[in-house]
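Trainee: These are the residues of each chain, in order.
Protein chains: 2
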Amino acid sequence: MTRKQPDPAKPLVADWDALQRIFIRPEDEASRASLVKYMEQILFGLHDFLGRHVGITREASLETLAERFKESRINRNPERKLADVIRWVIEEVAPHGVNVASPYFVGHMTAAIPFFMVHLQTIVAALNQNQVKLETSKVFSILERQVLARIHRMVYRLDDGFYDQHVQAPDSTLGGFVVDGTLANLTALWVARNRLFPPADGFDGVEAEGMAAAARFYDCDRCVLLVSRLGHYSLRKAGGVLGIGSRAVMPVDIDGNSRMDTAALRATVETLRKSPRTRILGVIGIAGATETGTVDPLPEIAGICRENGIHFHVDAAWGGPTLLSERYRHLLDGIEQADSVTIDAHKQFYLPMSSGMILFRDPYLMDCIAYHAAYINRPGSVDLGIRSLEGSRPAMSLILGSALEIMGSGGYALLTEHGIETARAFADEIRRRELFELVTPPELNILTYRICPPAFRSALRTAGEQERQRLTGLLNRITVMVQRLQRESGRSFVSRTTLQRTGQPDTAVFRSVIMNPMTHIGILKEILDEQEAIYRRHFEG
Amino acid sequence: MTRKQPDPAKPLVADWDALQRIFIRPEDEASRASLVKYMEQILFGLHDFLGRHVGITREASLETLAERFKESRINRNPERKLADVIRWVIEEVAPHGVNVASPYFVGHMTAAIPFFMVHLQTIVAALNQNQVKLETSKVFSILERQVLARIHRMVYRLDDGFYDQHVQAPDSTLGGFVVDGTLANLTALWVARNRLFPPADGFDGVEAEGMAAAARFYDCDRCVLLVSRLGHYSLRKAGGVLGIGSRAVMPVDIDGNSRMDTAALRATVETLRKSPRTRILGVIGIAGATETGTVDPLPEIAGICRENGIHFHVDAAWGGPTLLSERYRHLLDGIEQADSVTIDAHKQFYLPMSSGMILFRDPYLMDCIAYHAAYINRPGSVDLGIRSLEGSRPAMSLILGSALEIMGSGGYALLTEHGIETARAFADEIRRRELFELVTPPELNILTYRICPPAFRSALRTAGEQERQRLTGLLNRITVMVQRLQRESGRSFVSRTTLQRTGQPDTAVFRSVIMNPMTHIGILKEILDEQEAIYRRHFEG
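Note that the protein sequences, when read in sequence, are chains A and B.
When you read off a place in the first sequence, starting at 1, and then add 92, the result is the number in my numbering.
When you read off a place in the second sequence, starting at 1, and then add 92, the result is the number in my numbering.
Chain A extracted, bound-state conformation (with noise of 0.2 Å):
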């Protein structure tokens, strides 16, 4: 924020010794006390912590707070004191966060995290080891690549034998770790791109020679991506980014239970395998939609790919940790077959932000990504950042991998089993109560509602194509209008979005995604009250 110029005359870091001073620890008794106040508050008292000092200032408008925030210069001098600075993130800035840990915010995949996760990340910059070389990280590489074959041994449960092999072999690659689900569904389609178009007898291969001369040499036009209309929308980033275009990606339509239908995959295979000069790059399954948290029918996909020699690629960014459970792995059934995994460590894994994870089955695959340099990641090394998109990194792994020791699969699962029975339960509160309607069930632990008025329930029932258009352009601007004013008001938090269905016009949807183990049903019946209060009060009477 913008403040006065500390005087001139006397600079807080006065020279080398006290600079010195200042790298080492607090300047002084005082400045360390403060630090102490602050720090054993988030360490130890983290859930009260949050719930008193974010997002609990009177709503300040954005305009507001960015006219607070327009000073581009940087000072010479300090402008202030350490302890000073501290105190104002905390009573200056973090009021006008998100508290993303209160059990009232329910509207995003982010929210409270165990408290032991901040000691965890305290240990991990400390440390600040770098996880691209052994020479940065050394026992924290080979910690990572145990992590990592933790976690693949739970998607693919493959037998002690290949893991024995695997894990800790330098030229095995079981996956990698990377900072988000984005990065890791790019890693998954890089490889499966460089896959695609190999180096042959006359040509280097994609990575080498690039998509025009791939496309020359092997002789086709264009390769698409199959994913349902849920996809995120990082693969069709990741369409753009790795040069075969976002428009490759193809959306399949979906049934009615936002699964993909797999006739509609099927028939689209083989349209496209009848077009000499298209190549199809990857199917993608979605194991957790972003914005119905469904999940894609995995072993009719990985058969179709199976068939058809095709890359199968499942996106469980959100729904992975729920293999961890005994009573819900089902639902991810066919996850197994998939030839690459996307799964984050900070959504259901509860890391802070970010971390994410790219897992493949056979762990020979990255090795069309490699690349080496003279000082770091020579050929036969160690190094993690060998197959990797990202160069320096931390090590988020130690974090999983103490979490999976202190939680167990039991303790997530507890987690994850909460979540989704809790979602049901919500499910069951929105059909009682009349003036909503659910709009997609959890499969998971994300659901999706409307505000529709009973009036509109049967007016639908009988509306011609253009009277329900209306209708429903109707009943869209109620429900953004009261999500927008429950989000100002500032108590509660549901996101909204946009579904396409097929055969309906787009529909404006409150979305819910419970995954706060605080987050219980009499919370929610109260959100709900809460919108069904403004909803009289703006649109009755």
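One or more hints might be untrue.
Since the list can't tell identical chains apart, any single copy or any two copies may satisfy a pair.
To be verified - Only pairs whose alpha carbons sit at most 25 Å apart, straight line, appear in this in silico SDA-like list of lysine to any residue:
1) K162 with P546
2) K162 with E151
3) K129 with H139
4) K129 with R117
5) K162 with Q429
6) K366 with R525
7) K129 with R113
8) K366 with R308
9) K129 with I116
10) K617 with D459
11) K162 with R249
12) K162 with A462
13) K129 with D140
14) K366 with E521
15) K366 with A462
16) K173 with G502
17) K129 with E119
18) K366 with A355
19) K173 with E183
20) K173 with E159
21) K173 with Q133
Honestly, the hints are just simulated from the structure, not real lab data.
It should be emphasised that the depicted structure is a prediction, and the values quoted were computed from it without experimental measurement.
Since the structure of chain A is provided, determine the placement of chain B on it from the hints.
Mentor: Below, chain B alone, put in the same frame as chain A:
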């Protein structure tokens, strides 16, 4: 590590209530006391803590360590309590990590960080904001824009009017935070690619249609990227990822000072422009080469790019923060003419791993990589995820913004100046010792040298081509072996690389990076003493 199963009759997380408690606070007073002990050491005695706990055990071989991290199953029940896991991480794992904070670790671009960076990282983890969208970050998105404007202004020095207009304008994008320099370079070249093959009548642009279609429409066979032989390997990787091919990166010769030979660049550009089916996607100038720390002649490169209408990117991942030193900022003159600039915050801004930035002179250039979705990043919103390679990501900008306030540009300048001046003193010391040869003197704070005993030096002066090859091969083996033995002895770490110099055989060198403010010339002399001792023990007498 492998250890025995806990008694299945006594699960540590017995039930839902126990889990909720684990989520919120330490399970008991003993556990809390144990955590407090470690966190206090980490937060308030970081450098002592690292000296005591990290990388200090007798060297365990990789094979030995690998054996301990082979278990690939996830236990159903927690393996140990939280406090025990933290104790295990600190007492059993960390000692086998790398103490990158040691002043004797002068081998890589990773070093000690100010203790308060760990406090700031703790706060970022606790707040757990997701910068992909306003709804999960609010003020932190606004603050990020301010921090980007400050860094943009440090680089481009445009006027108040420019920054007043763009710092908080929803339709402007001065750049972005990314996970590291690799992704920053990738983002820059992604934009440059889309700029080279934009939408036109009958073509929707390379982003939508892909590289094969772009090549057809724009009638070209290949595009190339020009960078000196010292370019970072992430540039080749970016070529591979973007579908233009890793081979698109054409190395330009360097001069005797390890800088791009601009006569060679000019000649190459002229030759390439004569082949109408080749496009130059960009020229990259380096500001702080990874291996030698040298800075390309940026004003001359900028001129050549301007004359020829070529995108000019500067990779200042390393050197960028030198701009905060009034004494040395002239070394980067010309950077303000770049279309795009990469700067890493986890390097010379001393942030924890990892945080990079990409900056664009033109605040609308990133529009060509915009993506939207129905649930976030809606058109017209200020969601930072609209123009970004990554999706979910933490508020690392809060750390950089706070650090700039705590240190001031003056504080950062002291660090930079210490590094540059200590490296110069180190170079003088190397020159004084007859066993060593300074191979590339420090322009910033990186230098390379090798072992070259007097007898070899005189022999090299008179040797013919073949003898020169043989002698260099011998010297290379000596330097490589001394580097390895010193690393394995565990006290000091200098890295090594192999330099390709025009007209000379490949040369193995020690590479030294001076960024730790606790590294002084006395320590560097000890490092040379140790290298001399190793040499004498193994190669003499």
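Trainee: With reference to the structure, classify each hint as holding or not holding.
Mentor: Outcome of the hint check:
1. Taking the shortest Cα distances, K162 and P546 never come within 25 Å of each other, neither inside one copy (49 Å) nor across copies (60 Å).
2. Taking CA atoms no more than 25 Å apart as the test, K162 paired with E151 passes inside one copy only; the shortest distance there is 19 Å, against 51 Å between copies.
3. Proximity of K129 and H139 under a CA criterion of 25 Å is satisfied in both settings, with 16 Å inside one chain copy and 21 Å between copies.
4. Taking the closest pair of Cα atoms, K129 and R117 come within 25 Å of each other both inside a single copy (16 Å) and across two copies (17 Å).
5. Taking the shortest alpha-carbon separations for K162 and Q429, only the inter-copy value of 24 Å comes in at or below 25 Å, while the best intra-copy value is 52 Å.
6. Neither within a single protomer nor between protomers do K366 and R525 lie at most 25 Å apart by alpha-carbon distance, with minima of 51 Å and 73 Å respectively.
7. Taking the closest pair of Cα atoms, K129 and R113 come within 25 Å of each other both inside a single copy (21 Å) and across two copies (23 Å).
8. Taking the shortest Cα distances, K366 and R308 sit within 25 Å of each other both inside one copy (19 Å) and across copies (23 Å).
9. For the homomeric pair K129 and I116, the shortest alpha-carbon distances inside one copy (19 Å) and between copies (18 Å) are both at most 25 Å.
10. Taking the shortest Cα distances, K617 and D459 never come within 25 Å of each other, neither inside one copy (51 Å) nor across copies (42 Å).
11. For the homomeric pair K162 and R249, the shortest alpha-carbon distance between copies (16 Å) is at most 25 Å, but the shortest distance inside one copy (53 Å) is not.
12. Taking identical chains as interchangeable, the C-alpha atoms of K162 and A462 lie at most 25 Å apart only when they sit on different chains, with a minimum of 24 Å there against 43 Å within one chain.
13. Proximity of K129 to D140 under the C-alpha cut-off of 25 Å is found in both arrangements, the shortest distances being 14 Å within a copy and 22 Å between copies.
14. For the identical chains of this complex, K366 and E521 are neighbours neither inside a copy (49 Å) nor across copies (71 Å), given an alpha-carbon limit of 25 Å.
15. Taking CA atoms no more than 25 Å apart as the test, K366 paired with A462 passes in neither setting, with 34 Å inside one copy and 34 Å between copies.
16. Within a single copy, K173 and G502 get their C-alpha atoms only as close as 45 Å, which misses the 25 Å cut-off; across copies the closest is 14 Å, which meets it.
17. Taking the shortest alpha-carbon separations for K129 and E119, both the intra-copy value of 16 Å and the inter-copy value of 21 Å come in at or below 25 Å.
18. For the homomeric pair K366 and A355, the shortest alpha-carbon distance inside one copy (17 Å) is at most 25 Å, but the shortest distance between copies (53 Å) is not.
19. In this assembly of identical chains, the alpha carbons of K173 and E183 lie at most 25 Å apart only when taken from the same copy (15 Å versus 33 Å across copies).
20. When the C-alpha separation of K173 and E159 is checked against a cutoff of 25 Å, the pair qualifies only within one copy, where the shortest distance is 24 Å, while the shortest distance between copies is 47 Å.
21. For the identical chains of this complex, K173 and Q133 are neighbours both inside a copy (20 Å) and across copies (21 Å), given an alpha-carbon limit of 25 Å.
Violated hints, in rising order: 1, 6, 10, 14, 15; the structure is consistent with all others.
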